[in-house]
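Visitor: Here are the chains, one letter per residue:
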Amino acid sequence: MIKIRNLAVRIGDRVIASVPELDVTAGECVAIVGESGSGKTTTLLATLGLVEGAAVTGEITLGGVDVLGASPAELMSVRGSRAALVMQSPQAALNPTMRLGTLMRRALARHGVKGDEARRKAEDAVAAVLLDTAILRRYPHQVSGGQAQRFAIALALALGAEVVLADEPTSALDVTVQAEVVAVLRRLRDERGLAVLFVSHDLALVSTIADRVVVMKEGAVVESGTAADVFDRPRDAYTRELIAAVPRLPERPAETAATPPGEAGRTGEEET
Amino acid sequence: MTVSASPEAPPVLRRTALRHLAGVDRLAMVGAVLLALIVLAALLAPLIAPYPDDGGSATHPLDALLPPSGAHWFGTDQVGRDVLSRVLYGARTSLLIAVAVLVISGVVGVVLGVVAGYAGGWVRDVIMRVTDVFLAFPALLLSLALAVVLQPSVTTVIVSIAVTWWPWYTRLTASVAASVSTRGFVDAARCLGVPAPVIAIRHVLPNSLTPVLVQLSLDGGGVILTAAALSYLGLGAHEPTSEWGLMVQQGQSLFTTDWWVVTFPGLAILVTAFAFNVLGEGLRARLAR
Amino acid sequence: MLRYLTRRLGQAVLVVAGVVVLTFVIMRLVPGDPAVAYAGPRASPAELAAARAQFGLDDSLPVQLWKYVRDLAGGNWGVSLHTRQPVRDDLFQAFPASLELVGAALIIAIVVGIPLGVGAARFKGKFPDLSIRVSSMLAVSIPVFWLALALQTVFASGLGWFPVAGEYDSALDKTSPLHVYTNITAVDALITGNWPILLSALAHLVLPALVIAAYPAGVIAQMTRASLIEESARDHARLERALGFGETSVLTRFALRPALNPVLSLIALVFAYSIVNGFLVEAVFNWPGLGRYAADSIRSLDTPSIAGVTLLVAVLYVVANLAVDLIQGVIDPRMRAR
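Residue numbers (the working numbering), protein chains in the order written: chain H, 1 to 272; chain Y, 1 to 289; chain B, 1 to 338.
A few chain B residues that don't get close to chain H, going by computed Cβ distances all over 10 angstroms: (1) L5; (2) S44; (3) R52; (4) L61; (5) R88; (6) G103; (7) I110; (8) V134; (9) W161; (10) N194; (11) V315; (12) I327.
Here chain H is said to cover these stretches of chain B; the calculated rule only asks that three of the stretch's residues, wherever they fall, bring their Cβ under 8 angstroms from a Cβ of chain H: (13) 228–241; (14) 244–252.
For the record, the hints were derived by calculation from the structure and aren't laboratory data. Beta carbons: idealized from backbone N, C-alpha and C, even for Gly.
So that you can see chain H by itself, here it is in the shape it has in the complex (with noise of 0.2 angstroms):
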């Protein structure tokens, strides 16, 4: 579903992010982590083409269209439709005058679906994400972090976005509520084989859900592999160095959110 080959995005003279070769394949679901300042947000925004002043070189295929190389228009329609963006602050990321149900119902005219199926899209997504149908009715503000999240992973099921792209989508959650979201996550890339591009610095996060990882570093990718390799065998210092400095819990079923990295290894290899 997304095809990165050389992607470099330059302000200037300085690199700011730099990916030789990165895939997303529909049910797949690719980490990348990294500090911020690493380049890993703006390799998302990349994805959709709406990284700003800064010049993107390469090669991105995003379900199989050229972002680089579209028209505006093209590209306008890929986004929503095909990919669909999570981003960290649940609630900035909606606006805050427009009630839940108006902005899924814009966006779906928007992708030319209107009417009773609008309603029964709309009604679809939300419940597949274990939200009550109440939440149309209620602004930004009257719902919480973990409802935001889960509604914007609703925005993409409804649209029908066969990718979704999520930037510290819950970095700004508690614990509990981030395995809600990540478990969401999980079940609609399994169950709807979505394809999911997670951007998170949470390594414990990442190894609960992430099939394959990229570690980024100012700017570079330092390895990539997956889950398993890059947890048990990292290659790189840096690698060892963010592995490390995750806090080890006491043993815990895997299914849970604060897996340690190890285990949670092995977790993605069952999985895949």
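Put chains Y and B on the given structure of chain H with help from the hints.
Guide: Relative to chain H, chains Y and B alone:
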């Protein structure tokens, strides 16, 4: 690993902001250059005015209402004075008023604001409620009411505008001062036993000054316009002082027949206010970054 | 919401009380004796004493203030020295004309200013943006009285496209007399279907309303632009772009509504400012509003009238600010939660 919740987008966005700022700056530069020229014209009026005496009470009845020509670029007024010379001298009056108002209201406003912001509690409440009352009058209205009860003069204009202008600086300073005084270095000074007034002057005041200075430059245009309006209503400068608002008032009945008498002083007000506004806006945009 | 409302109302009452005291103080600074101004220079000592007693000038200042407040509350705003009418009646006569003028000006300013601000934000940094920014800066820098004179000279006296002065052609009173309901001529003419007077009133409105509209249109355009640019850089705008909406849609269908919040507070601010700016414009166009009344009062040092005008406009300003806070509650649902 550094755990930070901040998104990585800013470097990307900052670039657009910078380009945008450069645009602001070009316009602000125009304002700065215009203002420098106006200040220069005001300072050098006696040297560069073609007829320096016409800035005052001279009369040349035989030359009354001559249209613009090589001898009188801006024409002459109803008593034969050179309009260009009077416009140049008028810059002195306008800038004098602007500087006096901004200095007086700036000093009063900043002092009260630092006191309010640093002292907090009921002192702050009283000061802020008083500013609320002053700010409940549109500036020109309160100046107008005051100017009516005082004798018409340049001093009256300065006093009556300054009285309505200070609360803005008090509010601004109080909010900056309040946020500064909760910062670490002020706490540290307090713990070291530095007396409160010393903390206020050494630490709170300097940090409050930049936004106030920007606001002052932004307000120059407003002061110029208000002063011109008061003079136009006959509440400010009077004959034989050269003042742009007064010149417009004296010439208004001649607009249809002798357009230059009114047009040039009006343009002078417009250009000066524009220069202040553009410069202030540019400074504010830079401060906001 | 209710608690927010009561707190806001409490603040407003406090400010109005302060406004009354401040107005009183200013009016006591008047040089000369108001009793002399009222009774005339040739009044006998007995007449002067009577006038002094009538105005309560023999009382101590706190007592005078108390009586002033008591009278105001009772609806007695004093007697004008130049019209010899109760000030309240004079204001009641003059205010609707000012409201008509400023209302028309604000409508023009909003209709022109907001789209210009949106256009500038849409083409940020490009030529349309620069030209809108320069022209809005010129609009706020232009002295109103001068603009009034210029437009009057060119378009009324010169080209004859619009009437030179006044509120409507009073000759029409004979052919199609106007029934007065609101005292706002254009509105009265509209609701009574008096088309000749309506047309005349609108023609008379154009120039003065345009002049007054210049300043608010400029600041509204600037504020809309700044607020919209800020709003369109927020996370929600990025999400909207990611949903497939184009830049124009993001600005007008999503970012505009939250961005209008600060613009609304601004409109309340410029409303009062425009009434006072209107004073200067009314003088030029001989418009029978508060401005002309204020100008007459200033000329005759008519303290009660000046105090009345000052109070009325200040109170209006407080009320306008209050109204905006309430409207913001409607526009921005977050405010309601407070």
